[in-house]
Amino acid sequence: MRRYEVFLKKDGRDEFRHAGSLDAPDDELALVLARESYARRAEGDRLWLVNREHVILGDPEFIAPNADKPHRHNDGKAIAEHRRNVREDGS
Amino acid sequence: MGRTWTSMDDFEAFLDGGGIVEVDDDMPDAYRQAVFAFIEMHANSELMGGLTERDWIPRTPGLRHKMAVLAKTQDEIGHAHLLYMVGADLTVKTRPGMLEDLFAGRSKFHNVFHYQAKTWGDQVAISFLVDAAALASQQAVFKNCSYGPYRRILKRIISEEGFHMRMGEERMLRIAAGTEMQRTMFQQSLDDWWWPALQLFGPDTRPGDVLLRWHIKSERNEVLRASWVQKFVPLLMSYGFTIPDPGLTHDPAADTWTSGPIDWEPLKRTLAMGGPDSARRIADAAANWADTHWVRRVLDDAPTRAAGTAA
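Which chain is which? The protein sequence lines are D and P, in order. Under our numbering, residue 91 is the last one in the first sequence; the count climbs by one each step, no gaps. Under our numbering, residue 311 is the last one in the second sequence; the count climbs by one each step, no gaps.
One should not assume that every hint holds.
[Unchecked claim] DSS-like mimics (lysine-lysine), calculated; alpha carbons at most 25 angstroms apart, straight line:
id	chain 1	residue 1	chain 2	residue 2
1	P	Lys155	D	Lys9
2	P	Lys118	P	Lys268
3	P	Lys155	D	Lys10
4	P	Lys118	P	Lys66
5	P	Lys143	D	Lys10
These are calculated hints, taken from the structure and not from any lab test.
I would like the entire structure built from these sequences, with the hints used as guidance.
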């Protein structure tokens with residue numbers, strides 16, 4: 001038995017989303033089981049199956065450094081202040 | 001791989017702040033055991049429910065309802081399948097290990113599946129009252145459950161349980177408008193299933209219950225039970241049926257219904273596998289597992305091949 005991760009995509013606007021997992025002896029049966037377990041009522045029209053052994057993990061510790069990079073954002077405060085000053089001067 | 005917590009206090013503060021635990025987090029063992037036991041019982045109940053539903057496929061009246069029962073059987077078995085995967089990932093037991101424990105009578109499943117559905121009226125009472133009770137308790141878990149994989153899979157399960165409950169109410173509506181014989185049959189089913197359905201919620205939640213403290217559940221049993229009574233008493237009475245509870249009281253000012261004293265002995269017996277139909281149900285499920293052994297063997301021995309390629 002292999003363990004697969006199941007991803008479903010609903011329509012053109014949505015991205016693929018993780019739906020769950022399943023055990024199957026091979027890819028062909030995994031597809032059938034995925035359809036019958038996760039897409040009985042048109043929950044998606046496209047299906048991705050990934051053998052769990054092939055999933056490469058990035059854990060929270062690996063991603064954490066990027067949570068502290070304020071220079072990658074702009075909160076717009078400087079511009080808002082400038083526009084407010086212009087409005088107030090003009091009135 | 002995932003997150004770690006330095007102490008139980010640290011972990012509980014994370015949960016109290018609305019934190020969601022993922023499968024690869026280093027969760028405290030007590031939490032792992034509690035969430036696993038809860039999921040395992042849910043999975044077992046879906047499977048036992050699915051097997052009962054299957055027994056009713058040939059006996060369901062009318063093609064439309066027969067097809068709906070077929071679909072419901074597939075849903076329940078599917079729910080069990082999804083839940084066993086989520087349970088297995090907690091690595092407390094393997095997926096086959098959970099099934100073996102169930103068929104050997106070593107693990108729990110909901111009280112209502114320890115009783116026998118004898119008539120079509122019973123099936124209607126189950127799909128209406130019991131499914132509604134199960135749905136209400138699942139919704140209370142889904143709303144705020146701290147274990148991410150379970151919460152996400154519940155979303156799918158709940159949407160399908162909604163179909164079952166509406167189908168049950170539609171059947172009850174038809175029976176209520178039926179002949180005197182049909183109405184008598186359903187009243188008998190109501191007499192038999194009212195209390196087991198009500199007891200599905202369990203006794204009052206104890207102070208310090210870990211399922212509540214760790215945000216696995218988000219509502220107390222007695223609150224869910226009371227709101228179920230509040231909903232179903234007036235509904236069943238509006239169809240002209242009698243609630244088999246002599247202690248039932250109505251507060252006309254607030255228009256609220258409160259059930260009388262509850263005898264918890266039947267629930268305790270089912271939890272000890274001593275319910276009226278426990279032995280037959282478990283033996284039946286075990287026989288089904290043995291009968292389908294050849295399918296699993298064929299799958300295990302199948303030559304591996306990729307999709308879309310020649311065998």
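Hint check results:
1. P:Lys155 x D:Lys9: Between lysine 155 of chain P and lysine 9 of chain D the Cα gap is close to 16 angstroms, so the pair holds against 25 angstroms.
2. P:Lys118 x P:Lys268: holds, 22 angstroms
3. P:Lys155 x D:Lys10: holds, 16 angstroms
4. P:Lys118 x P:Lys66: holds, 17 angstroms
5. P:Lys143 x D:Lys10: With a Cα-Cα distance of about 23 angstroms, the restraint between lysine 143 of chain P and lysine 10 of chain D holds, given a limit of 25 angstroms.
The structure fails none of the hints (numbered hints given earlier).
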